[in-house]
Amino acid sequence: MEQRFADVAAEGRPVLVTYFMGGDPDFDTSFSIMRALPKAGADVIELGVPFSDPMADGPAIQLAGQRALRAGQTLAKTLELARRFRAEDQRTPIVLMGYYNPIYIYGVERFLDDAVEAGVDGLIVVDLPPEMDDELCIPALKKGISFIRLATPTTDDRRLPKVLENTSGFVYYVSMTGITGSALPDPLLIAGAVARIKSHTKLPVCVGFGVKTAEHARAIGASADGVVVGTAIVNQIASSLTEEGRVTEATVPGVEALVRGLSAGVRAARLAAAE
Amino acid sequence: MNQPLKPNSFRAGPDEDGRFGIFGGRFVAETLMPLILDLQDEWNKAKNDPVFKAELENLGAHYIGRPSPLYFAERLTAELGGAKIYFKREELNHTGSHKINNCIGQILLAKRMGKTRIIAETGAGQHGVASATVAARFGLPCVVYMGATDVERQAPNVFRMKLLGAEVKPVTAGHGTLKDAMNEALRDWVTNVDNTYYLIGTAAGPHPYPEMVRDFQAVIGQEAKEQLLAAEGRLPDLVVAAVGGGSNAIGIFHPFLDDDGVRIVGVEAGGKGLDGDEHCASITAGSPGVLHGNRTYLLQDGDGQIKEGHSISAGLDYPGIGPEHAWLNDIGRVEYVPIMDHEALEAFQTLTRLEGIIPALEPSHALAEVIKRAPKMGKDEIILMNLSGRGDKDIFTVGKILGMGQ
Chain A
1 MEQRFADVAA EGRPVLVTYF MGGDPDFDTS FSIMRALPKA GADVIELGVP FSDPMADGPA
61 IQLAGQRALR AGQTLAKTLE LARRFRAEDQ RTPIVLMGYY NPIYIYGVER FLDDAVEAGV
121 DGLIVVDLPP EMDDELCIPA LKKGISFIRL ATPTTDDRRL PKVLENTSGF VYYVSMTGIT
181 GSALPDPLLI AGAVARIKSH TKLPVCVGFG VKTAEHARAI GASADGVVVG TAIVNQIASS
241 LTEEGRVTEA TVPGVEALVR GLSAGVRAAR LAAAE
Chain B
1 MNQPLKPNSF RAGPDEDGRF GIFGGRFVAE TLMPLILDLQ DEWNKAKNDP VFKAELENLG
61 AHYIGRPSPL YFAERLTAEL GGAKIYFKRE ELNHTGSHKI NNCIGQILLA KRMGKTRIIA
121 ETGAGQHGVA SATVAARFGL PCVVYMGATD VERQAPNVFR MKLLGAEVKP VTAGHGTLKD
181 AMNEALRDWV TNVDNTYYLI GTAAGPHPYP EMVRDFQAVI GQEAKEQLLA AEGRLPDLVV
241 AAVGGGSNAI GIFHPFLDDD GVRIVGVEAG GKGLDGDEHC ASITAGSPGV LHGNRTYLLQ
301 DGDGQIKEGH SISAGLDYPG IGPEHAWLND IGRVEYVPIM DHEALEAFQT LTRLEGIIPA
361 LEPSHALAEV IKRAPKMGKD EIILMNLSGR GDKDIFTVGK ILGMGQ
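Listed in order, the protein sequences are those of chains A and B. Per this note's numbering, numbering of the first sequence is gapless, rising by one per residue and ending at 275. Per this note's numbering, numbering of the second sequence is gapless, rising by one per residue and ending at 406.
In case anyone wonders, no lab produced these hints; they're calculated from the structure. Ideal Cβ placement from N, Cα and C applies to all residues, glycine included. Don't take each hint at face value.
To be verified - Distance windows between CB atoms, simulated:
| hint | chain 1 | residue 1 | chain 2 | residue 2 | range |
| --- | --- | --- | --- | --- | --- |
| 1 | B | N195 | A | R91 | 28 to 38 Å |
| 2 | B | Q222 | A | D134 | 42 to 52 Å |
| 3 | A | S239 | B | E167 | 28 to 38 Å |
Stated by the list, open to error - Dumping the calculated EDC-like pairs for lysine to aspartate or glutamate here, alpha-carbon to alpha-carbon at most 20 Å:
| hint | chain 1 | residue 1 | chain 2 | residue 2 |
| --- | --- | --- | --- | --- |
| 4 | B | K115 | A | D156 |
| 5 | A | K162 | B | D38 |
| 6 | A | K162 | B | E308 |
| 7 | A | K162 | B | E355 |
| 8 | A | K162 | A | E131 |
Using the sequences and the hints, build the whole thing.
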């Protein structure tokens with residue numbers, strides 16, 4: 001992961017991090033989506049692990065999780081997606097993103113062993129704050145898996161050091177309080193927040209929650225080391241499905257086209273900033 | 001109060017991280033962590049503040065109507081022919097259940113913290129009504145999240161909340177019950193962190209809620225202990241309460257936990273039976289997992305996905321349980337048993353006809369367990385049961401099931 005951030009930084013542009021839900025709308029399609037992402041310009045892949053009760057997610061990602069669960073997705077199958085992808089692509093970092101309970105039930109040690117074996121580089125677990133580091137964060141770091149933490153507008157200077165303490169890979173700045181898929185706040189506010197976090201850490205700072213278009217990606221990418229796009233991709237998938245939630249011919253190409261546009265946005269980001 | 005805690009006390013938890021053994025904790029998104037830490041600070045200050053305590057007692061006496069009576073159920077006792085049965089009559093509280101005890105405490109905290117908006121989740125609507133009531137009393141706007149299924153089956157309480165000025169938001173996700181309402185309340189909180197106080201109604205969720213709600217509800221057990229000592233000169237042999245999230249139960253159990261001779265039983269909703277998925281018996285038929293900010297017993301599948309429970313009682317229709325109950329079960333201090341829908345319904349009718357008290361369907365579960373146990377106990381033995389809510393809200397549900405014309 002460090003290598004990927006360094007390589008992209010050398011190109012003078014921010015990293016494009018793309019999120020999609022593993023198993024949405026079905027296992028095979030989501031594998032096709034995963035393979036399409038790097039080809040369309042994604043630098044890092046966040047692979048969503050569905051959970052029945054996603055407390056921090058908006059309607060779009062809730063529905064994606066429900067589609068995946070209905071199609072029989074499990075944590076084991078999500079690891080299998082990573083394993084298959086890794087067999088073809090040894091360079092694109094994979095970050096699993098989800099909630100703790102499926103991992104806890106799978107068994108932390110067994111999960112970490114299987115994640116290492118599947119080529120997973122990092123974890124984002126929404127409901128494990130630093131106070132709960134003994135649960136998964138510390139064991140993951142010992143196995144060489146990054147634990148990426150979310151910082152939010154409520155994470156003040158007093159709390160930031162605690163949040164950053166065991167964070168590795170990158171810092172995911174959630175650009176507003178709220179659930180995934182809400183409106184994007186003012187880029188100037190975000191630039192200030194990114195600068196504040198960077199004064200506490202050498203890790204790259206990626207910004208997400210609310211990034212929907214190439215223009216957003218360009219604006220955010222002007223100050224951040226990376227831009228995370230999730231809900232827009234999930235919405236793109238949802239809009240391509242049949243009424244019963246089945247895949248159509250438009251599903252994978254639709255994601256490709258969206259990500260290509262976002263990729264062009266991040267590639268223009270620093271040019272815009274320099275103007 | 002001033003004596004040192006016994007090293008083996010059952011009442012010392014949680015530890016500073018909010019753990020009862022392996023249960024409890026603070027499993028929340030980072031956005032909420034600063035809020036939860038602020039709440040903990042404020043709670044730590046308030047619980048040792050004589051002004052806060054005086055306010056709580058004053059409102060308890062004059063607004064809620066405390067102490068609630070301890071009632072000897074003479075005809076029920078005679079009918080069952082065994083142990084003497086006493087009810088702690090929380091259903092006589094203002095708003096009709098024990099929920100108001102916690103709501104008064106938490107809204108005083110919200111005021112101290114300068115919060116200007118209240119949100120709450122509700123199942124049966126008892127906590128929603130109590131939240132809407134205290135919000136009206138203290139002049140704060142209140143939004144109540146309620147599963148769409150529950151909005152339908154608890155219509156009288158929905159009407160009450162609206163009359164009290166609260167906004168009731170039906171939640172259609174999942175089965176439209178308490179779990180889904182709690183998810184949606186958490187989403188609201190994570191979005192409106194600056195001004196909003198989340199008034200959780202049960203002894204579950206991230207630390208400090210389980211401890212705080214328990215302490216606000218422990219007045220039930222403290223009063224009952226004094227009242228029973230005055231009436232009988234001794235402690236009960238058995239204490240029984242219904243458990244959904246478990247706030248009325250922990251409230252009556254906690255003051256008795258270190259009294260060796262007192263057996264304690266929590267009654268879970270067995271729904272249509274434990275064989276399938278149509279129940280809410282988290283301890284009897286679930287396993288430890290992490291949901292809604294705490295580790296506790298949950299109904300879940302092998303992939304850690306939370307199941308939808310079922311109970312005739314909306315207030316017990318939750319696939320988890322407060323973390324302190326999970327711990328009390330594992331260390332063997334409290335026994336947890338299931339009661340089926342039809343048993344609760346029978347108990348509901350028994351109490352209504354024998355004592356002229358219409359209980360809510362939630363304590364009807366506890367009552368069904370009392371009806372099973374009392375005849376097997378001696379006439380010199382005493383059962384204390386928490387009659388946690390009144391059944392006005394349930395009469396239409398019950399009437400429909402019993403086929404009574406309206």
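Take the C-beta atom of A:S239 and the C-beta atom of B:E167, compute their distance, and say whether it sits inside 28 to 38 Å. Roughly 31 Å apart at Cβ, these two residues keep to the hinted range, so it holds.
Given the hinted pair A:K162 and B:E355, is their alpha-carbon gap at most 20 Å? It is violated: about 58 Å lies between the C-alpha atoms, which goes past 20 Å.
Are the Cα positions of A:K162 and B:E308 separated by 20 Å at most? Violated: A:K162 and B:E308 sit about 36 Å apart, past 20 Å.
Within 20 Å, alpha carbon to alpha carbon, are A:K162 and A:E131? Distance ~9 Å between A:K162 and A:E131 Cα, so the pair holds.
Holds or violated: are the alpha carbons of B:K115 and A:D156 at most 20 Å from each other? Between B:K115 and A:D156 the Cα gap is close to 19 Å, so the pair holds against 20 Å.
Using the beta carbons of B:N195 and A:R91, state whether their distance is inside 28 to 38 Å or not. Violated, at about 46 Å.
Is it true that B:Q222 and A:D134 lie within 42 to 52 Å of each other by Cβ? With a Cβ separation near 35 Å, B:Q222 and A:D134 fall outside 42 to 52 Å, so the hint is violated.
Going straight from one Cα to the other, do A:K162 and B:D38 come out at no more than 20 Å? Roughly 16 Å between the alpha carbons, so the hint for A:K162 and B:D38 holds.
Checked against the numbered hints above, the structure breaks hints 1, 2, 6, 7 and satisfies the rest.
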